[in-house]
Every structure is written in C-alpha cells, then in structure tokens.
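Protein chains: 4
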Amino acid sequence: MHIAIVICDRANYGRLQPVMQHLKSRDHELTVIASGSAVLSRFKYVADDIREDGYRVEEILCSFEGSTPQAMAQSVAASLSHHAAVFERLAPDFVIVIGDRHEALGAALGAAYTGQCLVHFQGGESSGTIDESARHAITQLAHYHVPATQRAKARLVQMCQRESTILTVGCPSSDLARSVMPEDRDEILVVYHPSGNLHEVEQILQARADLEGGLRWRWLWPNIDAGANEIHKLLRRFKAEWGDGWIDFETNMAPRDYLKTLASVRCAVGNSSSFVRDSSFFGTPVVLVGERQMGREHAANVMHAGNVGECIRHQLRHGRYSPSGLYGDGFVSERFARALEGVGRYTQKWSHHADLGTCAGAGRV
Amino acid sequence: MHIAIVICDRANYGRLQPVMQHLKSRDHELTVIASGSAVLSRFKYVADDIREDGYRVEEILCSFEGSTPQAMAQSVAASLSHHAAVFERLAPDFVIVIGDRHEALGAALGAAYTGQCLVHFQGGESSGTIDESARHAITQLAHYHVPATQRAKARLVQMCQRESTILTVGCPSSDLARSVMPEDRDEILVVYHPSGNLHEVEQILQARADLEGGLRWRWLWPNIDAGANEIHKLLRRFKAEWGDGWIDFETNMAPRDYLKTLASVRCAVGNSSSFVRDSSFFGTPVVLVGERQMGREHAANVMHAGNVGECIRHQLRHGRYSPSGLYGDGFVSERFARALEGVGRYTQKWSHHADLGTCAGAGRV
Amino acid sequence: MHIAIVICDRANYGRLQPVMQHLKSRDHELTVIASGSAVLSRFKYVADDIREDGYRVEEILCSFEGSTPQAMAQSVAASLSHHAAVFERLAPDFVIVIGDRHEALGAALGAAYTGQCLVHFQGGESSGTIDESARHAITQLAHYHVPATQRAKARLVQMCQRESTILTVGCPSSDLARSVMPEDRDEILVVYHPSGNLHEVEQILQARADLEGGLRWRWLWPNIDAGANEIHKLLRRFKAEWGDGWIDFETNMAPRDYLKTLASVRCAVGNSSSFVRDSSFFGTPVVLVGERQMGREHAANVMHAGNVGECIRHQLRHGRYSPSGLYGDGFVSERFARALEGVGRYTQKWSHHADLGTCAGAGRV
Amino acid sequence: MHIAIVICDRANYGRLQPVMQHLKSRDHELTVIASGSAVLSRFKYVADDIREDGYRVEEILCSFEGSTPQAMAQSVAASLSHHAAVFERLAPDFVIVIGDRHEALGAALGAAYTGQCLVHFQGGESSGTIDESARHAITQLAHYHVPATQRAKARLVQMCQRESTILTVGCPSSDLARSVMPEDRDEILVVYHPSGNLHEVEQILQARADLEGGLRWRWLWPNIDAGANEIHKLLRRFKAEWGDGWIDFETNMAPRDYLKTLASVRCAVGNSSSFVRDSSFFGTPVVLVGERQMGREHAANVMHAGNVGECIRHQLRHGRYSPSGLYGDGFVSERFARALEGVGRYTQKWSHHADLGTCAGAGRV
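Protein chains in written order, with this note's numbering: chain A, 1 to 365; chain B, 1 to 365; chain C, 1 to 365; chain D, 1 to 365.
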C-alpha cells in the first residue's frame, strides 16, 4: 500500500516514527508530507531529519507569521489548499494524521474533500484551546481512528463513529518509550509551555527557591507559541539574578534523550502533554501545573498542583510509581500496521447514532 | 448586537430570511457575508437580491471552477481565508451559518479560528456525500446549535454538545411556509438534483409515460452540481421526443412561488431536501427517489420509492396528509431571536462526554 | 536539462507543441504543468491530450468561477501559490511560459520568486485588456525572451532587457503551420471572441446578409470569456431566424484542422489573434474587426474594418497574399532548442538602461 | 477623492506620511491598507501607530514564516488575494503603492486585476535581489508614476511608460527631512542590513577597531530579512568581547529621531537605502558598503567602499557636503497632491514604444 504520513512538527514525528518503521519494514510505500514548523529552519527543519532517516519527504509551507488567531486561520487555509493538491497527485491508499494542530486539521480537510481514506491518531482526547474543537472536527472527517486509550475510544463511539472503524491498539509513543532504559538521576525536569498564565511559572520558580538542595533542576526552553516571549523574559531575569548553576536551561533535546530524561528524573514539573502521556509508561512522578492538560487522561503518577512546592515534596517522598499501560504497552505500531492491512479503503462516511427510533413515514413501495 | 450572517447560496437565504427579519426588527445590526453561488451571476447573483431587501452585504468570491473534489477542497480554503479576514474586521457578537455546504464549513473554520462565537443551524441531521462529514465538523466548531428537529437535537447531544448550547426552536423555513396559502392544483412537481444515478431520472420519466393524463407535470431544472450536464442532456432528449406540452420544464422560481407550488400540488416527486423539510408543513404527498436524502428525518407524508410509478399512484390516491410540526411550527424565528438574546458569547469549547469515570491519579494538593 | 513547460490553455499547447517535440527529441527531460482551462473538463481537458502525446503532466487547479475581474485576480494568486510549490519541488533548469494570460503571470511570479530561470515566449507584443500589462510584467520577471517578431524584439530592448537574453528565433506556431497543406475552399471563416462590443457581431452578420451567395460561411463558436453569453444569444437568435444552411456554426476544431481551414478559406473575418499571427504564414486574406488585436503586428494580408462588408468584398477580389515570414519560417523550434542549450542559467536580473550618465559621487577608495 | 494607501512596513509609512498629511488636509478620504510587517507585533505593529495618527486602517495578514524564497512567493499570493478583495469592496479612486517589496507587488497585482487606477512611487530605480524585477513589474502594472529623480523618470520613459503618466515631483521623504534641524554630533552612524556577505560586517567592525577614539559609534540593529541571525550572532560576539561602551547598539528609533541622527553625525557607514536617499538632503558624508545599493542614484556625499577604514577617514576629513535636491526639495507632497487632482482615472494601459515604423498591412476601408 502507499501511505501518506502528515507531519506538522517534531512531536508528530516522534510519535509516528515507530509506526513508520513498522509500515516500511512490511514493504509499504511511504510518503511523508512535512508542513508547519517541520519545514521551518528556526525549528531545526525536522523534514531534513526525516529524509536522513530514509523517507521520501514532500514539503508544504503553510505557516503565517504572527502567532495570532488570524495567523492560525490563514495557516489552516494554506495547509488545506496545498495538502489537497499533494494528495490528488499522490493518490495514496491511506492518509495518516495525528493530533489536533491547526496544520493537521488543514491536512484532514484536504484529505476528506479530495476523497482520501483518512486515519487519525489521538482522537477522542480532551484539552483546552481551539485544539479541542480541531481534534473533534478531524474525528468527524476521519475514516479510521486510532485512539490512545480505552476512554478515548469510548468518546469516539459517543461521537457517532462506528466501532468497526476504531483501531484500538494504543498510543505508538509507548513503542519509543519501551526502548528507553531508565536510570536513577537526582534531577527534576521542568517543561512549561505558554498558556497565558505567567503566575504559574513564578510558582515553579518559587518552589525551586524554597526547596532544599541536592537535586539538579533541568528546565527545557518552552515552544514558540503565542506567549513564549513573556516566559523567556521571566526566565532570563531569573537566570540573571540567581546565576547559572541553580537551574540548567536547555534549548533542545533529541526525542530519545528527552524520553530517557523523563524516565530517569525523580520528578517532572510543568504542563507538557508528554508528562501525561509518556510518563505513565515509566511511572515518573509528575506535578501538573495549570489547566493546559485539563481533561487529559492520566495514570496514578500524575498529581495536579495546587501548591506546586508541596506537590513536588509529596512526589519526591513517594518516589517512582508502577508503570502503567494506559497509553500503550510498547508494541502498538506493529499491531497498528497489521490492523491497517486488514481494513478496507472507503470514503463515504455515515455517522452512527444510537437508536433514536425510525421515521413514521408513508413507508416504501 | 452585531450579527454576521453567512449566506452561501439561494437556499441559505430562503431559510434564514425570516430569522434576519426578526433580528432586524429587534434592532440588531446585521451584516450578510455572501459567498459561493450567492455572488455568481450565473446563479442570478443572490447577493444583489439581499441588498435590495435592505441588508448590508459583503461579498466573498471563493468558488473554483470544475465541480470536482479538488475544486471543492480549494473552495473551502478560499472561503476560510477570506471569511477569517472579514470576521476579524467586523468583530461581530455572533456568526450564523446554516447547513453543510463546503463554503459554510470554510466560514465556520474562519469563525472558530478567529475567536468568533458561532451559531449553527441544521446540525445533527444525516445525509450522504461529503456534506455528511462537513455538517458534523461544523457542529464540533460551533458554540450554539439550532437543530431543526428533536431527533437532530438528540444527535447533537450524542455528539458531545452540551444541552445548554442547543437552542431547540425548530427550523425557520417553517416561518416562510406558514405565510403560504395552499391551493388545490392538478399538478405534479418534480425536482431532481444530480446524485450520480441517471437511472432514477429515467424511472421518473417512465412513470410520467405510464401515468394516465389529466395532471400537469412541472419539472424544475436541477442545480449545477457535478453530474448536472448528464441530466440536462437526458431531459433535452426526452423533450425533443415527446414535445413541449407533456412536461413543463421551468428554470427558476422565486422562493415564495416555489413554496406555494410545493404546498398546492397533488404530489411531489424527486430528491430535493425541501420535499423532506418543507413539505411536512403542508402535508404534500411526496415520492422520494434515490438515496440523496437517505437518513433525513421526515413526516408521514413521505414515501420512499421503490417503484416510482406505483408510489405516485399510491400518493395520488391518498391525497394530502395532515400538516406536521416536525420541522417547526411557523413561529421559529422569533423564538430564535429571543433565545439568542438570552445566551452569552463564549469561545472556548469543552466537549461534554457522558460519565466515563474519572482518572485515578495521585490527586491534588 | 530538465525543463518545466507551463500550459494554461489549449492555445498554449498548440503553439508550444513543436518546441516540446524538439526538446524531447534532443533528450531533455520535460514536465508539463497544466493549469487554467487546460485542466477543466468543460474545455475538453487538454491535460489529458498532452499525457496521451507522451508527456509527464502535473495539474494545478487555479480558475475561480465568475469571469469577473475579481475572479481573475484570485486566479492569479492561486496560480502563483501552486506554481511556486511545484517549481520548488521540481527544481527544473528552465521554466517556459508563453503569452499574457493571467494564469501565465501567476506562473511567472511563482518562478521568479522561487529562483527559477524563466523563459518567456511572445513578449514585446501589444494588445488591449489587462493582458497588455500582464505581458510586460512577465517580461520584467523573465530571464530569457523569445519574441515572435523583430519588432517585438526591439520593444523588449526598449523595455530594458539585455540583448544577450533575447533569443530571436521566431514564433514556433509557424512550425505547425509549415506542416499544413492549404487547399482552395470556397469558404469564409469567422472567429469572434468577446470584446464588449456586440455591435461588431451584428456588422459581421449584416455583411453575411448583404453578400452574394456561393460561399460557405463557417463560424467558430467564441471562447467563454466574460461577454460570451451575449454573443451566444445573438447567434442563436440569428440562427433561429435564418435557418441552418446559411451559416455553419462549429463548436470545436482540432488545432491542425483549424490551421488547415485558416490556410484554405478565401477570407477570414473576426478578431482572433491567430488571424494576425498564423494567417501571415499562409497569406490568407483577413478582415480584422474591432480593437481586440489593435497594436498587434501583422503582415500585408490583414485589413482593418471599417466597413466589414466592403472589406470582405475587397479581400475576396484580391485573393491570397504572398506568404510572410513575419511570425517565423517554420523552423523555429529547433533553432530555439539549440539556442536554449547555449545559454546559461541565472537568476539575478539587472535591467539595462541606455546610458543616462553616471553618478557624480565621492568616488571609491 | 477616495484614495487607498498601501503600507507594507514602517519605511513605507515614513516616506508616505507627508503625502498622506497633504491629501488629508485637502479633504480627500484616505484608507490605509496595512500589510506585511506593518501588522506584525514583532515589528512593533505600525498599523496601530498609523491609527493613532488619525487614519482609517484596514489590515491584511500576508506574511509567511521562513524568510525563504518560497515564503516570499506565498506571501505575494496572499497579499494579492486579500488586496484584491479589499480593493473591490472599497472601490477607491486611486491606489497608491511605493517601492519594490513583494507585498507591494501583490497589492499592485490586486489593484491592476480589479480595475483600480494605480499610482506607484519610486519606480525607475535600480538595485539588486528580486526587488529589481518586482519594481519594474509594478511599473508595468501602474497607471501613474512618481519617480524620485530625473534619472528614474528617464528610465520609466525608456520602459515604455507615457510621459503624461509620470508625475515628476520628487521623493516625498525629502519633506520629512526638511523639517529636521541638524546638529553637530561627534558620532558615527552604522546601519547594515543582511545581504549575504558577513565579511562586510567584519570590515566595519575592523574599521572601528583601527580608528582613533573620540567618536561615539551608534549601530542600529539590522532588519529581520534572511541572514539577520548571522549578523546578530557576530555583533553579540563582538559586544561580549569588547564591552558596551565601544559601540552603542540600538534596536529602534522613531523616524524623526533617525533622520535627525542621520543629519547630525560626522559619517554614516553601511548599506541602508536611506544613506543614498535621505542623506543627500543633509550632505552627510556616507561610506556605502557592499553591493546592496548598487545602481541606486546618489549625490556627491556618497563614497563606495573599497577599504571601509580608509573611506571613513576620508569622509571625516572632508566633512559635511553641500545639500542636494537630487531626491526632492522638501516640498514634494503638496506638488504631488495637486498633480494627482489634475489627472484622470483610467484603467486600460497602452504601452508607448518609440516609433518602430507601422505595419504594412492591407490598410483600412
């Protein structure tokens, strides 16, 4: 089969990489369509990395400057327009998209309107911002669904997707996680992405100030969504005041290094979705800050702050939790590849509604 | 309040006209954003009619030539791009869209991504083609819903829309219908839009040939979707063979004249959605041909053919059905206007899932 | 070399076909990028014909509905956006465009901004409508020029193009013409494209009515630019009144059949550019009606009407003119292919201005 | 009259501000259409400044991320698409664009294709990059031209623009300059924009190192075109090594403050176009570095480096030059406003070619 894989950023590639490897090893033809920040040099041009990993890559430039709602709207339109052109030319058997980014929604629309058979990973989840609406809109356009958890599957059924179109194989990011060997590191990992609430950053910094020493704090620089500038300023001010040794700021980590770090630290603090998703596989104690991941399903290792400092102390005392298979058991990609080979290509969707009675019309002759 | 009304074709305007009149009479400011075939001269430039009716109209050209999937995809992108620009400039309190056309989906996306509060009419229905996916995607983007029937409402709830965001007031097309005074006409009305199955047109023509005389057949020329050319050819051939008097072909009817005709004929034959929706108000006997309206809710007056000729005979024998309030009681627009005044503007959606249990996390401190 | 050929309509292909054959026979790799009406089925989908002729074709859908200025503007933007994406992916050595259509301008802009080396056929000519501006704008973007005549070349030099970038080989349409064997037919050929002046059509019809018989009139249906509907109506009315035999209306002619007809008739009447360009090769007497071709260079066989009837009588009396090499000698394509092989690829243009003196600055140290 | 002013960045506004003031004071209605970096917050959102100055402003978001050729091509398309929509809605009497940026070309295309009467400032000049082609393409689309110098006018005539369409009133930036009162400051001003040649920056830094003290060096941070990052790094490294006092880096200056500084320093070093254009009015000694302004007309105060250090020494020895009226006498805007009131609106261009003889056709009857 010829399968087109839509990659909109580095995280997309991280999660779909195991899937791509399995599909390729089973002799399917793959074409990666890279867009969004995956083709921007200030985000390290992931498209080139994918090429180096041996995949055929097509590029779509669709990102408007501005980090504003208008910029996002225009980017969806550009993504849609160019994905539609590429899909028609390639005519793949399946198109795969993941998640809820606006570029992915553009790709999903382009696929649905040009008659592709669309497979969507990570539908049925719940979170804030416009991504919440985008995710569910993609679900309504998609022909097959690969939810990460049982609960996500249940939601897809609620949203009128037929059970036969839901491939319940787990989240492929667990496959990458499985290959990581955790160590014991006396470290705390912080990842905090912009969410419109600088006060939360100050809470984390205050917790650092209050906490007894002995632990190394590693703070990963936030992504460049709207609001990143303000966080940057706050961190720079803090760094100037307290010196370098106190917190180690890092700007970039390879996916595998990142997972190893997440697997090995004594506590992870912040609002990254990987703290909910990937940490469950390792049982890393997590302190979730703010509302950015509100509604996302998590395992027993995750604690919602509240008081950030107290949460961290609680999690340090508790230590590592038992690993959870909530987001997959590490053998997801192969199951997915087999499942995809077993389903049929189709385009006309008919939504499935629980029985609401039939129309009392004049019947049929 | 300032309300932006998205009008993509003549039918959109027909259904929303009573709503616009009520909103205007209650001193709300309205801006109509006309796009799709509403700004094309070969579709009689509805935008000009709306202006003549006293409304402020902005135009968006977004229709690509070709009547192909690719043309539709590109049109969604153009619709999105330009609606987003217009919405940001106008900054209305509410944006209203109706139905499931691809231009409407573009408008809904433009509204959602630029932070508008979106009101959607006719969600929760069911039909074929890509419109089925588009309709449900719009539902996931919309902040308030105005379903036409109780069943449609139930489906919206199933699709995770909160009940408090569903304004159950009926379908405003009934308001226009209410003002129509039916007559008794010895006529049969045919409307058949392209749906990829020429055999169905032949069935209708055959039924005409078989049927005893005494009734005038009026056949409304189909719309210009993909496939219209083939129907045109068939009808022209038939016309050349059988002469003019046998069937009267008509190319255009004003909305009110059309409704009066639908209300007055002894039987309506074809696949127009108005045969399902508007006919219920009048109880006009309907013979529904083919799958184009499959899944759409209807009242007792509708019969699915089967054998078209036998169905027509059955319906002629039966005569007019009792009127049904299924699609509204003719007082919908005012109820809607009041309801809209009572709800709050918001942007962040949180989908509502029936209780699936909560996460067994480490709790909150 | 890898050469991308931009084809926006059937006429583009007609003129560039000999060029493509010669480039291919000299082992260059060709990719045709078909857009505009060349990918629309109501214009007989030229892209498919090109494929059948053995070329690799990529398609770009860029035509907005409406035949309005706004539709043209949006089509230029869509053409630009998608040609830019295709050019970057293909990275050809040269891009070839021809003429002055708005889709061609979009392609030229896409080429210039993505750093292609652009070759433009038919620059330096003169005509009405927005095409006049488009043609000269393309000239300013192009890196090499292939003017059809010596006078066109002189204009390009005037417009600050360096002589070394002008390949003066003639117009390749003469190559196709050379292969046509004229006959003597007692026919008059009429081609009249919309130009906003219905009175001119009436003049031609009046001339037909006044003229003594003995000649067959063949009238080629006009193209579908803005204004075509009015002509259609006029012709249909005329046809209904006078009957079929009087004028033979034809809707479509293959390029070679058309050229043969143009070469063989006793007089050609109307405003087609081929009456100026191709007729010169055959010496066919031409009566040019209206201003559509005003300013276009022509040979001795062309007469500007004035009084259409008197002009036709004059041209019938005169008979065939001597063939002219004004628009090429029939061996153009091969000369072009050789010339292109001899020039270098470059991107930075520096316009050449006749000496206007140098700046009296403070010099250089 | 209603006049639409296209503003793509801060420099556009600086130059057209005096023109806008004069048009407004003469009771013309103005609408500013702000796009490009003029609507981006990381460029300080000039659109808001223009609003505060009392003008009606519409915004167009058209900038793609990436600072690549592809990004520029897509931005032209977006600029075209949205300017065309805005122009049709506003239907102004004249549209004014300035310069050669890609956003301005998009606006010019949108104007030409929707039938506006387009006025272009700063045509007929000469410079490198794709702007060279863009500038001349805009000339071919424009209906009236306002060249900055006599030489630029001569070039426009060469490029087949009719003399009657050229308003030779000078460059309006001189009007702003006239209001500036120069002081004597022991300062050197450096402005160096990215041009692909880091070596030139090093030359300037080396000149600073070699030069005897006593002068304050003020270095204006470069704009954010492709290549800016590399300059930033070089300057930061240099700053870290040599300390703060040695060169004062400044990130932003109000237009009037900038002009006052340019008027008052003992020497200006770098490659800003204002060093060629505005400095002539003051006679400030200029050392022009690199090829970025190659071909641009300048007065006697400008010296091309060569050896940057020697040039600076030469210019410091020479001191201030006599002011030049080359780029206008400071009374340009009023002359322009009067001139515009005296010309007619038209749309169909006919290019003017020096006499190349007439066609020896069959004449006219």
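Keep in mind that the hints are not guaranteed to be accurate.
[Unchecked claim] Just a sample of chain D residues kept apart from chain B, beta carbon distances all over 10 Å, derived:
no.	residue
1	Ile60
2	Leu61
3	Thr165
4	Ser179
5	Val180
6	Ala254
7	Gly325
[Stated by the list, open to error] FRET-style restraints, in silico, Cβ to Cβ:
no.	chain 1	residue 1	chain 2	residue 2	range
8	A	Glu241	D	Trp242	45 to 55 Å
9	A	His352	D	Ser41	42 to 52 Å
10	D	Gly54	B	Glu250	48 to 58 Å
11	A	Glu202	D	Asn229	26 to 36 Å
12	B	Thr251	C	Arg51	56 to 66 Å
13	D	Lys239	A	Glu202	24 to 34 Å
14	C	Gly214	B	Glu250	36 to 46 Å
15	C	Arg42	D	Gly54	44 to 54 Å
16	D	Ala254	B	Gly344	56 to 66 Å
17	D	Ser179	C	Gly342	53 to 63 Å
18	A	Thr347	D	Lys239	32 to 42 Å
19	C	His2	B	Glu250	49 to 59 Å
20	C	Arg42	D	Ala91	25 to 35 Å
21	D	Lys24	B	Gly54	32 to 42 Å
Read the hints as simulated data drawn from the structure, not as lab findings.
C-beta: ideal position from N, C-alpha, C; glycine also.
For each hint, the structure was consulted:
no.	hint	result
1	Ile60	violated, 7 Å
2	Leu61	violated, 8 Å
3	Thr165	holds, 30 Å
4	Ser179	holds, 34 Å
5	Val180	holds, 36 Å
6	Ala254	holds, 28 Å
7	Gly325	holds, 42 Å
8	A/Glu241 to D/Trp242: 45 to 55 Å	violated, 25 Å
9	A/His352 to D/Ser41: 42 to 52 Å	holds, 45 Å
10	D/Gly54 to B/Glu250: 48 to 58 Å	holds, 56 Å
11	A/Glu202 to D/Asn229: 26 to 36 Å	holds, 30 Å
12	B/Thr251 to C/Arg51: 56 to 66 Å	violated, 37 Å
13	D/Lys239 to A/Glu202: 24 to 34 Å	holds, 30 Å
14	C/Gly214 to B/Glu250: 36 to 46 Å	holds, 45 Å
15	C/Arg42 to D/Gly54: 44 to 54 Å	holds, 51 Å
16	D/Ala254 to B/Gly344: 56 to 66 Å	violated, 43 Å
17	D/Ser179 to C/Gly342: 53 to 63 Å	holds, 56 Å
18	A/Thr347 to D/Lys239: 32 to 42 Å	violated, 60 Å
19	C/His2 to B/Glu250: 49 to 59 Å	holds, 55 Å
20	C/Arg42 to D/Ala91: 25 to 35 Å	holds, 31 Å
21	D/Lys24 to B/Gly54: 32 to 42 Å	holds, 33 Å
Checked against the numbered hints listed earlier, the structure breaks hints 1, 2, 8, 12, 16 and 18; every other hint is satisfied.
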